[in-house]
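> Chain residues, written in single-letter form:
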Amino acid sequence: MKTLLKILLAASLAVSAGAKEIKLLNVSYDPTRELYAEYNNAFAKYWKARTGDDVVVSQSHGGSGKQAQSVINGLEADVVTLALAYDIDAISTQARSLPADWQKRLPNNSTPYTSTIVFLIRKGNPRQIKDWDDLVKKGVGVVVPNPKTSGGARWAYLAAYAYALEHNNNDDAAARGFIQKLYKNVPVLDSGARGSTVTFAQRQIGDVLLAWENEAHLALKEFGADNFEIVTPSLSILAEPPVSVVDKTVRRHGTAEVAKAYLEYLYSDEGQDIAGKNFYRPRNEKAAAKYASRFASLKLVGIDQVFGGWAKAQKTHFADGGVFDQIFQP
Amino acid sequence: MLDITIVANRLFRYRKNSVLPGFRLTLGFTLFYLGLIVLIPLGAVFWKTSTLTWSQFWQTISMPTAMASYRLTFGASFLAALVNAFFGLIVAWVLVRYEFFGKKIIDSLVDLPFALPTAVAGITLASLYAQNGWIGQLLAPLGIKVANTQIGVFIALTFIGLPFIVRTVQPILEDLDPELEEAAASLGANRWQVFWRVILPMLTPALLTGFALAFARALGEYGSVIFIAGNIPMKTQITPVIIMGELDMFDYGKATAIAVVMLVVSFLLLLGINVLQWWTNRYNTTNLA
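Heads up: the protein sequence lines correspond to chains R and G, in order.
So for the first sequence, numbering that gives the first Met the number 0 puts the first residue at 0; every next one is plus one.
So for the second sequence, numbering that gives the first Met the number 0 puts the first residue at 0; every next one is plus one.
It is worth saying that the hints were derived from the structure and are not from the lab.
Here the structure is a predicted model, which means the values were calculated and not measured.
All C-beta atoms, glycine included, are put in the ideal place defined by N, C-alpha and C.
Don't take every hint at face value.
Unchecked claim - The calculated lysine to aspartate or glutamate pairs, modelled on DMTMM-like cross-linking and capped at a C-alpha distance of 20 angstroms, are: (1) R:Lys122 x R:Glu263; (2) G:Lys234 x R:Asp324; (3) G:Lys47 x R:Glu228; (4) R:Lys220 x R:Glu33; (5) R:Lys311 x G:Asp250; (6) R:Lys314 x G:Asp250; (7) R:Lys47 x R:Asp225; (8) R:Lys22 x R:Glu37; (9) R:Lys65 x G:Asp250; (10) R:Lys103 x R:Asp303; (11) R:Lys44 x R:Glu20; (12) R:Lys276 x R:Glu20; (13) G:Lys234 x R:Asp319; (14) R:Lys47 x R:Glu256; (15) G:Lys103 x G:Glu178; (16) R:Lys311 x R:Asp130; (17) R:Lys247 x R:Glu221; (18) R:Lys314 x R:Asp324.
Stated by the list, open to error - A few chain G residues that don't get close to chain R, going by computed Cβ distances all over 10 angstroms: (19) Thr29; (20) Pro40; (21) Val119; (22) Ile134; (23) Leu137.
Stated by the list, open to error - Just the calculated beta-carbon pair ranges, DEER-fashion: (24) R:Leu74 x G:Thr50: 18 to 24 angstroms; (25) G:Pro140 x R:Pro125: 18 to 24 angstroms; (26) R:Glu75 x G:Arg23: 57 to 63 angstroms; (27) R:Glu75 x G:Leu141: 36 to 42 angstroms.
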């Protein structure tokens, strides 16, 4: 016992005498748990080798909108890695914690990796679900979270809408009709992506789950490839989950340099490799080539091209009285 | 002159003379405490709402999805409290009036909905009543769907409300003098008359309190309902979910506007129940005196 104490004492002295320990808080959204658990270790090693300091990154996960709210309400995030730019915009406009042009500070719209929305279906595909058209057929149960409360669900909604536009010569009315039929087939609107995964995979509700591509692969791993399959539709949305330093916090914490490096390292070969490994589509060509077999090729459309950016999409589709509200009116 | 002083005394006598000292001090504490814990947060809700203009306020609270959610939230909460008032009374009656094996265990079971985290309750109920769940699969052949319907909302609210009725009625029932019932019987009242004319009037104030508590609890319930409701707009979406949706879109003003509606309506309903309770109580004591 005494020797143990001595060792502990010596160890703690050694730590305090040696390198600094830096703490970072990364506030992220739901399906990035596994990605950042792995990335944080890799970054800690890299930072130790570069500067000799220890860096411990804590993670916080939840629905993207709720996480942004927590930061607005004072959660001291050094960096935010959220599901959509709209949520980081909100931190910028509501709390003025970062400049309005934050998205220009890092390459590729500050999104080091991309993702998309795919279908998770039950093994053997009993409902013959191949593309978006099959989701609006009578009797098909579609599980998806509420776009008002979930970032992933907003991407899913926009993916379906973009598909309908493409197949109806960009006719808005036809696309609305399609979306209305689609959401008529939704038995449960959970508040977040993980909730919907549980509803579909564990509670066995519905025939298809509209999921983040990485979440679908994780579900396959978690719940068994003998129970589920992934179907990639012909067209989907290019989802860009962005990252940013929260200037106000890093200034106070004195962590500006390490927080910036933390996000920049996501673009390095190692960071990109970890993203690919965790089923996010890497930007880097080398990593993209390495993991190409995991990601089926499909037509990916951007929100800026089809919907004129987040602010506009938000106002037209998800705000009160918007298209999403209208499709539920009798 | 005399009349005026009496009237003035009545009007301004904000306290009754009491033999207990410390009235001012304790009232001061009461107001301070209530202010800190209740009034300041509620005041903040009203304050935040005032960032909206009247027309924005009206537009928000009268959205079709919000209107549908009020109907569901208030309707299901009222029904659940009503059902609990009936069955809770029976449970309390059995626990007070009879001795049987396992009574202590049943007595503590009643408190379980209090103690259980609401999310746990919600997930449990949802998996029980899902179409492939233990209870759901028995109901499915009868064409009854519970999970992801309004019935599911009602069941979750009934579950969380039960202890309120039992725990408010139980002590009153325990204090009830059996001699009163014997007297009534000896005067020729049959069993139904004894219950209806003697026991029930004495229990009514406690029942109303329990009802009000269960109702209020159900109105604010979130955790257990969202798992079993399905949360489909216009159908199974309770008002707290609408509020969460507004918050997630950073519309704090709109979120608090809907919260204000909940608060005002709940307050009025609870006030009404309190008045009713005061009235029945007064009727009771004068009759007994």
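> Indicate, hint by hint, whether the structure satisfies it.
Hints versus structure:
At most 20 angstroms may separate the alpha-carbon atoms for a hinted pair to count; lysine 122 (chain R) and glutamate 263 (chain R) exceed this at roughly 40 angstroms. Straight-line distance between C-alpha atoms of lysine 234 (chain G) and aspartate 324 (chain R) comes to about 13 angstroms, which keeps the hinted pair within the 20 angstroms bound. Distance restraint check for lysine 47 (chain G) and glutamate 228 (chain R): the Cα-Cα separation of roughly 47 angstroms exceeds the 20 angstroms cut-off, and the hinted pair is therefore not satisfied. Between lysine 220 (chain R) and glutamate 33 (chain R) the CA atoms are separated by roughly 12 angstroms; this keeps the pair inside 20 angstroms, and the hint holds.
For the given pair, lysine 311 (chain R) sits about 16 angstroms from aspartate 250 (chain G) by alpha-carbon distance, which is consistent with the 20 angstroms threshold. The suggested pairing of lysine 314 (chain R) with aspartate 250 (chain G) holds, with an alpha-carbon distance near 12 angstroms, which does not exceed 20 angstroms. Simply put, lysine 47 (chain R) and aspartate 225 (chain R) have alpha-carbon atoms about 42 angstroms apart, too far for the 20 angstroms limit, and the pair is violated. A threshold of 20 angstroms between alpha carbons decides the hint, and for lysine 22 (chain R) with glutamate 37 (chain R) the separation of about 17 angstroms falls inside it, so the pair holds.
For the hint linking lysine 65 (chain R) to aspartate 250 (chain G), the alpha-carbon distance of about 12 angstroms falls within 20 angstroms, and the restraint holds. The suggested pairing of lysine 103 (chain R) with aspartate 303 (chain R) holds, with an alpha-carbon distance near 15 angstroms, which does not exceed 20 angstroms. Distance check on the hinted pair: lysine 44 (chain R) and glutamate 20 (chain R) sit about 13 angstroms apart at the alpha-carbon level, within 20 angstroms; holds. Using a Cα cut-off of 20 angstroms, the hinted pair lysine 276 (chain R) and glutamate 20 (chain R) is violated, with the two alpha carbons roughly 28 angstroms apart.
A C-alpha spacing of about 17 angstroms is found between lysine 234 (chain G) and aspartate 319 (chain R), which places the hinted pair at or below 20 angstroms, so the restraint holds. Between the alpha carbons of lysine 47 (chain R) and glutamate 256 (chain R) the distance comes to roughly 14 angstroms, so the proposed pair stays at or under 20 angstroms and holds. Among the hinted pairs, lysine 103 (chain G) with glutamate 178 (chain G) is inconsistent with the structure: their alpha-carbon atoms are about 26 angstroms apart, more than 20 angstroms. Taken as a hint, the lysine 311 (chain R) and aspartate 130 (chain R) pair is broken in the structure, with Cα atoms around 27 angstroms apart against an allowance of 20 angstroms.
Distance hint between lysine 247 (chain R) and glutamate 221 (chain R) is unfulfilled; the C-alpha atoms sit about 38 angstroms from each other, more than 20 angstroms. For the hint pairing lysine 314 (chain R) with aspartate 324 (chain R), the CA-to-CA distance comes to about 12 angstroms; that is within 20 angstroms, so the pair holds. Listed as outside the interface, threonine 29 (chain G) is consistent with that label: its C-beta sits roughly 30 angstroms from the nearest C-beta of chain R, beyond the 10 angstroms cut-off. Residue placement check: proline 40 (chain G) keeps its beta carbon more than 10 angstroms from all beta carbons of chain R (closest about 14 angstroms).
With a cut of 10 angstroms on Cβ distances, valine 119 (chain G) stays outside the contact zone with chain R, its closest approach being about 14 angstroms. Its beta-carbon lying about 14 angstroms from the closest one in chain R, isoleucine 134 (chain G) satisfies the requirement of being farther than 10 angstroms from that chain. Under the 10 angstroms C-beta cut-off, the non-interface status given to leucine 137 (chain G) relative to chain R holds; the minimum distance is some 17 angstroms. Checked against the hint of 18 to 24 angstroms, the pair leucine 74 (chain R) and threonine 50 (chain G) passes, with Cβ atoms roughly 22 angstroms apart.
At about 21 angstroms, the CB distance of proline 140 (chain G) to proline 125 (chain R) agrees with the hint of 18 to 24 angstroms. At roughly 43 angstroms, the beta carbons of glutamate 75 (chain R) and arginine 23 (chain G) sit outside the given window of 57 to 63 angstroms. Checked against the hint of 36 to 42 angstroms, the C-beta distance between glutamate 75 (chain R) and leucine 141 (chain G) comes to roughly 54 angstroms, which is inconsistent with it.
Figure legend: structure checked against the earlier numbered hints; hints not met, in rising order: 1, 3, 7, 12, 15, 16, 17, 26, 27.
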